[in-house]
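J.: The hints should help you fit chain B onto chain A, whose structure is shown.
There are 2 protein chains.
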Amino acid sequence: MPPVCPELLLPPWTGEYSEFDSCSLHSDHDRMQFTIELARKNIMHKTGGPFGAAVFERNSGNLASIGVNLVLRSGCSHNHAEMVAIAIAQHRLNSYTLYRSGYPQYELVTSCEPCAMCFGAIIWSGITRLVCGASSADATAAGFDEGPKPANWIEELEKRGIEVVTGVSRNDAKMVFQHYLDSCGVIYNEHPLTITG
Amino acid sequence: MPPVCPELLLPPWTGEYSEFDSCSLHSDHDRMQFTIELARKNIMHKTGGPFGAAVFERNSGNLASIGVNLVLRSGCSHNHAEMVAIAIAQHRLNSYTLYRSGYPQYELVTSCEPCAMCFGAIIWSGITRLVCGASSADATAAGFDEGPKPANWIEELEKRGIEVVTGVSRNDAKMVFQHYLDSCGVIYNEHPLTITG
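These protein sequences, in sequence, are chains A and B.
Residue numbers for the first sequence, in the numbering used here: 932 to 1128.
Residue numbers for the second sequence, in the numbering used here: 932 to 1128.
Be aware that one or more of the hints could be misleading.
Stated by the list, open to error - Residues of chain B placed beyond 12 Å of chain A at every Cβ, according to the derived structure:
no. : residue
1   : Tyr948
2   : Ser953
3   : Leu956
4   : Phe965
5   : Lys972
6   : Arg989
7   : Gly992
8   : Arg1004
9   : Gln1021
10  : Gln1109
Stated by the list, open to error - Computed footprint of chain B on chain A, listed as stretches where at least three residues anywhere in the stretch have a Cβ under 8 Å from a Cβ of chain B:
no. : stretch
11  : 1039-1053
12  : 1093-1107
Hint data in this document are derived by calculation from the structure and do not stem from the laboratory.
Every residue, glycine too, gets a C-beta built ideally from N, C-alpha and C.
Only chain A is shown next, with the shape it has when bound in the complex (with noise of 0.2 Å):
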């Protein structure tokens, strides 16, 4: 098979992200600083919805990739920022689990809480944690779509180890919203619904 990498996809502007191994976070202040400033970046350079991503290694706070919304860059409706930063990690671990027993284990930061197709890509991912900013709520606030989750999804993933932390950096990442609509930022999806994460 010819080899697809999900990194041709990133835009220009994330090349000062490639050298992600030279990265390490620390705590769940930092990483959600690190994956909004994605999301403010991908409105800046007009490449993507205002939505960022990141895998990091649990305990070491390495970075592992980084996904931004590219939708409609890549002419694709999967490439929301979570499964960019997903398929990444998996390219760079040549693993298509991020679980693997005896490796570090990894957890995904995005700057809002999943939509109803990241969160199955969650389950499927091997990610042990999950750490959100904006929420559901504020994402449809602002006239965003998550799409029909279960109403107790965290329970869900929880329910399958995966731990789940909401509501980091909460204000800054629901500012980015705000942001991309005053900078009249393009909604897609007109059918069935609107916008989506």
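T.: Below, chain B without anything else, positioned relative to chain A:
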């Protein structure tokens, strides 16, 4: 951005389908038998899990894309058959949504009801019809994990303008799972649960 074509992920045996445009199938039964055959071939060629999917133009029955489970082959947990078929169809249409006012509408035909991730992805894909073979219960009975979809997932799709048809050639679709298990197909995703669609 460098082009990244999801068709590159398909295994060589799918080359026989490269002339997508020459294939038109006019009934749910024929379209489902086609996707079940994809699942069978994916097992026979040992290129992935026992799941096949395809996107068709609803009225003409023209084939827009095919998909098979490529999780192990691609090293990415996102690559369920439905995800692959949707990504290729969007790539070929050069559109992040398959719903475009004034253009033909598209449907996804899948050998098994979607898992939690694919359920969400279907909502963002722009398809307006979903046709399923084996049920989630069939998949679960065979040892596969469909993840936590909302109990009323069909209603959630229909609310968003996506017609849903289930149980088409269900027995044939179920038999593919048994064939996979008999052939000692790889059981992946040992954590947090087992195999996914």
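J.: Each hint needs a verdict: does it hold in this structure or not?
T.: Right, here's what the structure says about each hint:
1. Tyr948: holds (16 Å)
2. Ser953: holds (24 Å)
3. Leu956: Since the minimum Cβ distance to chain A is about 24 Å, leucine 956/B lies beyond 12 Å and the statement holds.
4. Phe965: holds (23 Å)
5. Lys972: The assertion about lysine 972/B holds, with a minimum of 16 Å to chain A.
6. Arg989: At roughly 14 Å from the nearest Cβ of chain A, arginine 989/B sits farther out than 12 Å, so the non-interface label holds.
7. Gly992: holds (22 Å)
8. Arg1004: The claim breaks: arginine 1004/B does not keep its Cβ more than 12 Å from every Cβ of chain A (closest is about 6 Å).
9. Gln1021: It is violated; glutamine 1021/B is separated from chain A by about 5 Å at its closest Cβ, not greater than 12 Å.
10. Gln1109: holds (23 Å)
11. 1039-1053: holds (count 7)
12. 1093-1107: Contact hint for the stretch 1093-1107 of chain A vs chain B: violated, 1 residues under 8 Å.
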